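A.B. asks: Sequence:
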Amino acid sequence: MSNTLKTQLLMATAMIAAPVTPAFAQALQYPAAELHGMGASSIAVALPREMNCFGPSTGPNKVGDSNGSAQNLSSEGKYDPAAGAGFNCVTQHIQPDIGGKYISTGSGAGRTAWRNLSTIAALPGTGATNKFPTDFGASAAAWPNPHFIFTDSPMATTDISTYATNAAAKSAGALIQVPFYVLPVAVAYNPVYGRKAGVDAVFNVANPVKGYDGTTVAGGLRLTKQVYCSIFNGYITNWNDVRIQALNVAPKAKVSTSLRDPVNDTAARWAADGAPIRLVGRLDNSGTTDIFTRHLAAACGGGIMGLSKPNLYLNNAQALPYNVSSGVNLSTSGSYKTSLTASPSTTWAGTTNMISGAVFTIGSGITGTEAPGKYLVANLNDGVAAAIESAPDVPSASDVDFLLNGKVGYVGADYVRPALSQTLHSAALEVGNSSQTKKPAFAMPTAANATAAFGTQIVPPESNKAGKYIPGGLFSRSNPADWYEALYSGASTLANAPVGYPITGTTQFVTGTCFASPAVRNALVAFLTGSLGKLTAAATAAPDKKTLGLMFTGTSVKALGIKPQMGIAPLPKAWSTALYETFLTRSTQKAPDKSLLVSRNLYIQAGVPTAKVLGQKGTKTVLVEADLPTTVSTTVKGKAVFNEAGPNSTCTNGVGI
Numbered sequence: 258m259s260n261t262l263k264t265q266l267l268m269a270t271a272m273i274a275a276p277v278t279p280a281f282a283q284a285l286q287y288p289a290a291e292l293h294g295m296g297a298s299s300i301a302v303a304l305p306r307e308m309n310c311f312g313p314s315t316g317p318n319k320v321g322d323s324n325g326s327a328q329n330l331s332s333e334g335k336y337d338p339a340a341g342a343g344f345n346c347v348t349q350h351i352q353p354d355i356g357g358k359y360i361s362t363g364s365g366a367g368r369t370a371w372r373n374l375s376t377i378a379a380l381p382g383t384g385a386t387n388k389f390p391t392d393f394g395a396s397a398a399a400w401p402n403p404h405f406i407f408t409d410s411p412m413a414t415t416d417i418s419t420y421a422t423n424a425a426a427k428s429a430g431a432l433i434q435v436p437f438y439v440l441p442v443a444v445a446y447n448p449v450y451g452r453k454a455g456v457d458a459v460f461n462v463a464n465p466v467k468g469y470d471g472t473t474v475a476g477g478l479r480l481t482k483q484v485y486c487s488i489f490n491g492y493i494t495n496w497n498d499v500r501i502q503a504l505n506v507a508p509k510a511k512v513s514t515s516l517r518d519p520v521n522d523t524a525a526r527w528a529a530d531g532a533p534i535r536l537v538g539r540l541d542n543s544g545t546t547d548i549f550t551r552h553l554a555a556a557c558g559g560g561i562m563g564l565s566k567p568n569l570y571l572n573n574a575q576a577l578p579y580n581v582s583s584g585v586n587l588s589t590s591g592s593y594k595t596s597l598t599a600s601p602s603t604t605w606a607g608t609t610n611m612i613s614g615a616v617f618t619i620g621s622g623i624t625g626t627e628a629p630g631k632y633l634v635a636n637l638n639d640g641v642a643a644a645i646e647s648a649p650d651v652p653s654a655s656d657v658d659f660l661l662n663g664k665v666g667y668v669g670a671d672y673v674r675p676a677l678s679q680t681l682h683s684a685a686l687e688v689g690n691s692s693q694t695k696k697p698a699f700a701m702p703t704a705a706n707a708t709a710a711f712g713t714q715i716v717p718p719e720s721n722k723a724g725k726y727i728p729g730g731l732f733s734r735s736n737p738a739d740w741y742e743a744l745y746s747g748a749s750t751l752a753n754a755p756v757g758y759p760i761t762g763t764t765q766f767v768t769g770t771c772f773a774s775p776a777v778r779n780a781l782v783a784f785l786t787g788s789l790g791k792l793t794a795a796a797t798a799a800p801d802k803k804t805l806g807l808m809f810t811g812t813s814v815k816a817l818g819i820k821p822q823m824g825i826a827p828l829p830k831a832w833s834t835a836l837y838e839t840f841l842t843r844s845t846q847k848a849p850d851k852s853l854l855v856s857r858n859l860y861i862q863a864g865v866p867t868a869k870v871l872g873q874k875g876t877k878t879v880l881v882e883a884d885l886p887t888t889v890s891t892t893v894k895g896k897a898v899f900n901e902a903g904p905n906s907t908c909t910n911g912v913g914i
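Numbering (this note's numbering), first residue to last: 258 to 914.
FYI, nobody ran anything at the bench for these hints, they're computed from the structure.
In this text the structure is predicted, and so the values were computed from the model without any measurement.
Heads up, a few of these hints could be off.
[What the hints assert, rightly or not] In silico lysine-lysine, DSS-like type, Cα no more than 25 Å apart, as pairs:
no., residue 1, residue 2
1, K802, K725
2, K847, K874
3, K467, K427
4, K427, K453
5, K874, K725
6, K803, K725
7, K874, K335
8, K335, K511
9, K803, K851
10, K874, K851
11, K802, K335
12, K722, K877
13, K695, K509
14, K696, K467
15, K725, K830
16, K725, K335
17, K791, K803
18, K725, K566
19, K851, K896
20, K722, K851
21, K830, K335
22, K894, K722
23, K511, K695
24, K830, K815
25, K815, K802
26, K815, K803
27, K851, K830
28, K803, K509
29, K803, K830
30, K847, K815
31, K335, K427
32, K803, K511
33, K815, K725
34, K695, K725
35, K467, K725
36, K830, K874
37, K802, K695
38, K335, K803
39, K791, K802
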């Protein structure tokens, strides 16, 4: 009998029908494992930074994308509160033997890979060729499927049913889909709108906004709903438009001022040509586009843009408004996954074509011809960001030596300042309908403003406002679709929030229940638990419990966590509680009707290992995979003793994801 089993048997009476909750938090190092993920590009900067803080100690985790890039992140992040213990992820790690790799493919490709339980079709490259053999294995076969995906738009009904078929063959268990990040989608612009003789012309923003560090200018160009709706519908096509200038009023000033650089641009040139607005959007199936178009569909109707100016965004979709009759067809561009050849349907956000036919590719620039009021398209968030960041390249009509940029688009908040290493600025968007009041308000895409937009009215399935289990109701915790549907039902205002940052949505985490490797299963549960701020101990005495609780989720400026540093908000407490208790531990929550959440049997693993139990009361400080339970319970004197960190009872040892 192993020492671990002896320890668990001795503690049987305390563990019957419930997992052990340690009275103290003692250091324990978990078995080595490497997690594989793919999907949404919106969080492809923030997620690896979180993973780098978790581990491994050998260096930053690898990130690739379907634009063909593979890189280490330039910085591994730092939690640096004004008071108390900090955590430098360059030199410190929560679990030094747990790492991960992430391929940014876009939400659509991530969902395709997940429903098929294979990355082969979605890996960047030709056929099954992996563009990243050094970082991700010599062939697609070296990484047959991801352990999880992230997606800004939900798994469709067909995705879920296809997964169920493939999961049965692979013994992957039930599908799990839950919101994990609260994501503000930034309206991103390049502060440099022009250049002449090597000298930049920079937007003269009357109300510049600084980031959380108090020094970095993050943007602040103010746009009301009327104005940004008009821009993205193609009705306002130049930055010198009087409706934009009218919003550029400095504090205590009585009149507005032009966005023109007063030093490096002339009033005559600006009046004649201004800076034409060049829209930049996504072509690949994009969850970021889904969040963006959901808001425009909700916010831009009702004649807000003026008479005879209809809202071209009819519904949320993963692709921008398009019509096959336009003749635009980018299916020959091999970098892109969406073929613009289908008749308009709910696949598109509208039936009026908003695609110019021009394509931006990282490393190659623009091919095709741009058109005013229509989108230049690029692959993934980093493609859109790179297009906006690119140098001015269009000659001004009245001064051909003055080159113009003027691009504006939409990206996840971790692609704009003050997120580390980013250069793009973001617009400050009107809060609610405050422009109709004496004190209009504008919000930047920050974690705090995204949290405000999410609000407190949206509750998880089968939950009260605190996230505690209450069975019954419109949505079920057992249904992976319901965790997303609950976001936009009833009193939810998330699509067009009256407070906070208006273009806010969520990034969903998707996985299965059963894993072939106990070490991978444990690593995933440990990482998710840590990201939610619910870990109580690490591999070493530092970080302490308080640091673990805030280093990813802290929203106070004095103790800003890794997610909020990147502009992304953690889940509200009710949602993180419901997610954790349902999927990451063997919950002890009891509903008012005395039913137990654990009876739903939805969890991946019965919590994370503790020093008291699997660490044999602190005598074992480093675990190996063989120390992790492969069964849900052990029978002691005819009674079930539930194993700490044991798998779901529906799973079979050695098979799964």
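A.B. asks: None of the hints should be skipped; say for each whether it holds.
C.D. replies: Right, here's what the structure says about each hint:
no. : hint        : verdict
1   : K802 / K725 : 23 Å, holds
2   : K847 / K874 : 28 Å, violated
3   : K467 / K427 : 50 Å, violated
4   : K427 / K453 : 60 Å, violated
5   : K874 / K725 : 31 Å, violated
6   : K803 / K725 : 23 Å, holds
7   : K874 / K335 : 32 Å, violated
8   : K335 / K511 : 42 Å, violated
9   : K803 / K851 : 32 Å, violated
10  : K874 / K851 : 33 Å, violated
11  : K802 / K335 : 17 Å, holds
12  : K722 / K877 : 40 Å, violated
13  : K695 / K509 : 14 Å, holds
14  : K696 / K467 : 21 Å, holds
15  : K725 / K830 : 10 Å, holds
16  : K725 / K335 : 32 Å, violated
17  : K791 / K803 : 10 Å, holds
18  : K725 / K566 : 46 Å, violated
19  : K851 / K896 : 22 Å, holds
20  : K722 / K851 : 19 Å, holds
21  : K830 / K335 : 23 Å, holds
22  : K894 / K722 : 41 Å, violated
23  : K511 / K695 : 14 Å, holds
24  : K830 / K815 : 20 Å, holds
25  : K815 / K802 : 18 Å, holds
26  : K815 / K803 : 14 Å, holds
27  : K851 / K830 : 23 Å, holds
28  : K803 / K509 : 43 Å, violated
29  : K803 / K830 : 16 Å, holds
30  : K847 / K815 : 36 Å, violated
31  : K335 / K427 : 39 Å, violated
32  : K803 / K511 : 48 Å, violated
33  : K815 / K725 : 29 Å, violated
34  : K695 / K725 : 41 Å, violated
35  : K467 / K725 : 38 Å, violated
36  : K830 / K874 : 31 Å, violated
37  : K802 / K695 : 46 Å, violated
38  : K335 / K803 : 15 Å, holds
39  : K791 / K802 : 9 Å, holds
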